[in-house]
Amino acid sequence: MILTEISKYCIIRKNTLVLNGVELLSDETNLPFSDFIKTIYKSQEINYPKFFKMDSLSKLAFVASEILLKNTAISENYNTDEIGVIIENRASSLSTDLKYQKSFEDKTNYFPNPSLFVYTLPNIMIGEICIKNNFKGENGLFVFEKFDPQFIEDYVSMLFKIGRINACITGWVDFDDLAKEEPIFEAALFLIEKQRNNEVSANSIIFDNQNLNNIYFNKK
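The sequence shown maps to residues 1377 to 1596 in the working numbering.
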């Protein structure tokens, strides 16, 4: 039996940033998403100019992953093809899809936007994470109505069991600006690794759907 643990987790929602249960940043002024995500980017001293060209969904996933991986030795501990990225969300890339559609709807001003087209791929946010970190392991985006920790446990555990990965970034990243004046956004990413010597340590958080659910809903 392969024992796996939740090594770290990062949650961005309701204009707060939480890492391993500790609040790192909270915005009480209700900044627009575009300003809030830049505030996180700067406060966490992330340096990646391509960030500013990304769509909102990719910015959210990228920033959460950078904070998750900060001060880890994941690239030193694993080969690039051993690290997977498995993410769920609800709206896929629909927000950018519709923006791209609007760029060529007007036949008198027909100008499809190529910079938007790139981000109409549903798994582009995973691509941005993998490109930045040179990850080459199993990756995929799965669309659900809501966060599904049981699917994550089953799918990621299967990848560990068959030897496709030895570490994984997984969780939920969703951005929806279609129904509200202000976007609804949420990222909850988890770093999953094999436990050292395949033994349960006192401080480890076992990787299972119950612990994923408890962390996601901030249950003690």
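Among the hints, erroneous ones may be present.
[What the hints assert, rightly or not] Within a straight-line C-alpha distance of at most 16 Å, the following computed EDC-like cross-link-like pairs (lysine to aspartate or glutamate) qualify:
no.: 1; residue 1: 1475; residue 2: 1421
no.: 2; residue 1: 1537; residue 2: 1381
no.: 3; residue 1: 1446; residue 2: 1421
no.: 4; residue 1: 1570; residue 2: 1553
no.: 5; residue 1: 1390; residue 2: 1553
no.: 6; residue 1: 1390; residue 2: 1558
no.: 7; residue 1: 1595; residue 2: 1403
no.: 8; residue 1: 1595; residue 2: 1521
no.: 9; residue 1: 1570; residue 2: 1521
no.: 10; residue 1: 1475; residue 2: 1457
no.: 11; residue 1: 1390; residue 2: 1552
no.: 12; residue 1: 1478; residue 2: 1553
no.: 13; residue 1: 1512; residue 2: 1458
no.: 14; residue 1: 1522; residue 2: 1552
no.: 15; residue 1: 1508; residue 2: 1457
no.: 16; residue 1: 1429; residue 2: 1452
no.: 17; residue 1: 1570; residue 2: 1458
no.: 18; residue 1: 1522; residue 2: 1562
no.: 19; residue 1: 1390; residue 2: 1421
no.: 20; residue 1: 1418; residue 2: 1403
no.: 21; residue 1: 1512; residue 2: 1552
no.: 22; residue 1: 1512; residue 2: 1452
no.: 23; residue 1: 1475; residue 2: 1404
no.: 24; residue 1: 1390; residue 2: 1529
no.: 25; residue 1: 1595; residue 2: 1584
no.: 26; residue 1: 1570; residue 2: 1557
no.: 27; residue 1: 1384; residue 2: 1584
no.: 28; residue 1: 1537; residue 2: 1458
no.: 29; residue 1: 1384; residue 2: 1399
no.: 30; residue 1: 1537; residue 2: 1553
no.: 31; residue 1: 1390; residue 2: 1403
no.: 32; residue 1: 1390; residue 2: 1557
no.: 33; residue 1: 1570; residue 2: 1381
no.: 34; residue 1: 1570; residue 2: 1452
Calculated directly from the structure, the hints in this document are not laboratory data.
Taking the hints in turn, this is what the structure says about them:
A distance of roughly 30 Å separates the Cα atoms of residue 1475 and residue 1421; the hinted pair therefore is violated under the 16 Å criterion. A C-alpha spacing of about 14 Å is found between residue 1537 and residue 1381, which places the hinted pair at or below 16 Å, so the restraint holds. A hinted pair counts as satisfied when its Cα atoms are at most 16 Å apart, and residue 1446 with residue 1421 qualifies at roughly 10 Å. About 37 Å separates the Cα atoms of residue 1570 and residue 1553, which puts this hinted pair outside 16 Å; it is violated.
Taking the CA atoms of residue 1390 and residue 1553, the gap is near 14 Å; set against the 16 Å cutoff, the hint holds. At most 16 Å may separate the alpha-carbon atoms for a hinted pair to count; residue 1390 and residue 1558 meet this at roughly 11 Å. For the hint pairing residue 1595 with residue 1403, the CA-to-CA distance comes to about 22 Å; that exceeds 16 Å, so the pair is violated. For a cut-off of 16 Å, the pair hint linking residue 1595 to residue 1521 is broken: about 21 Å separates their Cα positions.
Between residue 1570 and residue 1521, the direct Cα distance comes to roughly 29 Å. Violation of the 16 Å bound is thereby established for this hinted pair. With a C-alpha separation of about 34 Å, the suggested pair residue 1475 and residue 1457 falls outside the 16 Å cut-off, and the hint is violated. For the given pair, residue 1390 sits about 13 Å from residue 1552 by alpha-carbon distance, which is consistent with the 16 Å threshold. Proposed proximity of residue 1478 and residue 1553 is supported: the alpha carbons are some 15 Å apart, at most 16 Å.
Among the hinted pairs, residue 1512 with residue 1458 is consistent with the structure: their alpha-carbon atoms are about 7 Å apart, no more than 16 Å. Using a Cα cut-off of 16 Å, the hinted pair residue 1522 and residue 1552 holds, with the two alpha carbons roughly 13 Å apart. The suggested pairing of residue 1508 with residue 1457 holds, with an alpha-carbon distance near 14 Å, which does not exceed 16 Å. At roughly 29 Å between alpha-carbon atoms, residue 1429 and residue 1452 are farther apart than 16 Å, so this suggested pair is violated.
Proposed proximity of residue 1570 and residue 1458 is supported: the alpha carbons are some 12 Å apart, at most 16 Å. Between residue 1522 and residue 1562 the alpha-carbon distance is near 11 Å, which keeps this suggested pair within the 16 Å criterion. Distance check on the hinted pair: residue 1390 and residue 1421 sit about 21 Å apart at the alpha-carbon level, beyond 16 Å; violated. Restraint check for residue 1418 and residue 1403: the C-alpha separation of about 14 Å stays at or below 16 Å, so the hint holds.
A hinted pair counts as satisfied when its Cα atoms are at most 16 Å apart, and residue 1512 with residue 1552 does not qualify at roughly 28 Å. Of the supplied pair hints, the one linking residue 1512 and residue 1452 holds, its CA atoms being roughly 14 Å apart against a limit of 16 Å. Under the criterion of a C-alpha separation no larger than 16 Å, the hint pairing residue 1475 with residue 1404 is inconsistent with the structure, at around 29 Å. Among the hinted pairs, residue 1390 with residue 1529 is inconsistent with the structure: their alpha-carbon atoms are about 26 Å apart, more than 16 Å.
Using a Cα cut-off of 16 Å, the hinted pair residue 1595 and residue 1584 holds, with the two alpha carbons roughly 15 Å apart. A threshold of 16 Å between alpha carbons decides the hint, and for residue 1570 with residue 1557 the separation of about 42 Å lies outside it, so the pair is violated. For the proposed pair residue 1384 and residue 1584, the alpha carbon gap of about 14 Å is at most 16 Å, so the pair holds. Restraint check for residue 1537 and residue 1458: satisfied, since their Cα atoms lie roughly 13 Å apart, inside the 16 Å limit.
Simply put, residue 1384 and residue 1399 have alpha-carbon atoms about 14 Å apart, close enough for the 16 Å limit, and the pair holds. Of the supplied pair hints, the one linking residue 1537 and residue 1553 is violated, its CA atoms being roughly 38 Å apart against a limit of 16 Å. As the CA atoms of residue 1390 and residue 1403 are separated by approximately 9 Å, the hinted pair is consistent with the 16 Å bound. Under the criterion of a C-alpha separation no larger than 16 Å, the hint pairing residue 1390 with residue 1557 is consistent with the structure, at around 15 Å.
With a C-alpha separation of about 6 Å, the suggested pairing of residue 1570 with residue 1381 holds against the 16 Å cut-off. This hinted pair checks out: residue 1570 and residue 1452 have alpha carbons roughly 15 Å apart, not beyond 16 Å.
The structure fails to meet hints 1, 4, 7, 8, 9, 10, 16, 19, 21, 23, 24, 26, 30 from the earlier list, while all remaining hints are met.
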